Amino acid sequence: MAKKQLEGIEKFNRVHPVTNALFTVLFALLALICIVPVIFVVIISFSSDTSIQQIGYSFTPQEWSLDAYRYLWNNREMIGRALLVSIVVTVGGTVLGLFLTTTMGYCLSRPNFKLKGFLTWVVFIPMIFSGGLVATYNVYTTVLHINNSLWVLILPMAVSSFNVVICKTFFRTTVPDSIIESAKIDGAPQLQIFFQIVLPISLPVLATIGLFLTFAYWNDWWLSLMYINDKNLFSLQAVLMSVEKNIEFLAQNASTMGVSAAEYAASMPRESMRMAMAVVIIFPIACAYPFFQKYFVSGLTIGAVKG
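For the sequence shown, my numbering gives the first residue as 2, with consecutive numbering after it.
Hint data in this document are derived by calculation from the structure and do not stem from the laboratory. Hints are supplied without guarantee of correctness; some may be wrong.
Said to hold, decoys possible - Pairwise CB distance ranges, derived in the manner of DEER restraints: (1) H17 - V43: 33 to 41 Å; (2) Q63 - D231: 39 to 47 Å; (3) Q54 - L33: 22 to 30 Å; (4) L67 - P285: 18 to 26 Å; (5) I40 - K232: 27 to 35 Å; (6) F163 - P112: 18 to 26 Å.
In this text, all values refer to a predicted model and were calculated from it rather than measured experimentally. For each residue, glycine too, the CB sits at the ideal point set by N, CA and C.
Work out the full structure, taking the sequences as your base and the hints as a guide.
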């Protein structure tokens, strides 16, 4: 009887070969939709501007060229400095954001926390209403005086109401109250409970919030343009955007410049330069995803119980 029941369960869970083939084709198409544009951008970045002007964007350009990357290499000092700023801001902001977000989410998830109701509204209201650009600018520049520093690139995005709500929901639904109570009975303080018990079984939410923060910090350019006047503190995205604007300015005003300036503007790889800058921006952040993926897997298996 047990054998027949097991066979029935296996039959219920078995995927039909035709259905399996359809799902395989579907997922292959979805993977291509994600991968092909990236490959296309890389190919265009190695295409010459002459080829792009003649046949447009193509997977098989008439002429390959490294002019776009040579132009970036000639500005390697400025780009390298901006890359270092982006790395420091991304790593530091992600670590700080994870600490603040998880600690606040954990406090709001505890049923015996007295200020839970009030602080929940404090977290929820900014998801609907913003303080406004003028108010935030005055706070950062005239109250905190952190403009023209790395702090102004880190603090504004360190805590998000959306991320706090995700952490609160995860801790409330995933971390059993019995574990917390057992640790309290054993005499463990709250910080020890949080760092040694709660966080090790919360790796999925840590990886998720960390990924959100990493992408947000790495792709940010607005804070640099808004609060930074020192060119040595510009992020990579802000510097590359400035380079692109300079190229566009030279291209649009080449006729009003001298002969040498017009020739220089005409020789710059405008179209391939845009794609080369996209590759420079995408590559480091793409390397960060496998790091978070490892913690996704470990977080899903750390709470497994052997039968």
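For each hint, the structure was consulted:
no.	hint	verdict
1	H17 - V43: 33 to 41 Å	holds (39 Å)
2	Q63 - D231: 39 to 47 Å	holds (43 Å)
3	Q54 - L33: 22 to 30 Å	holds (28 Å)
4	L67 - P285: 18 to 26 Å	holds (20 Å)
5	I40 - K232: 27 to 35 Å	holds (34 Å)
6	F163 - P112: 18 to 26 Å	holds (22 Å)
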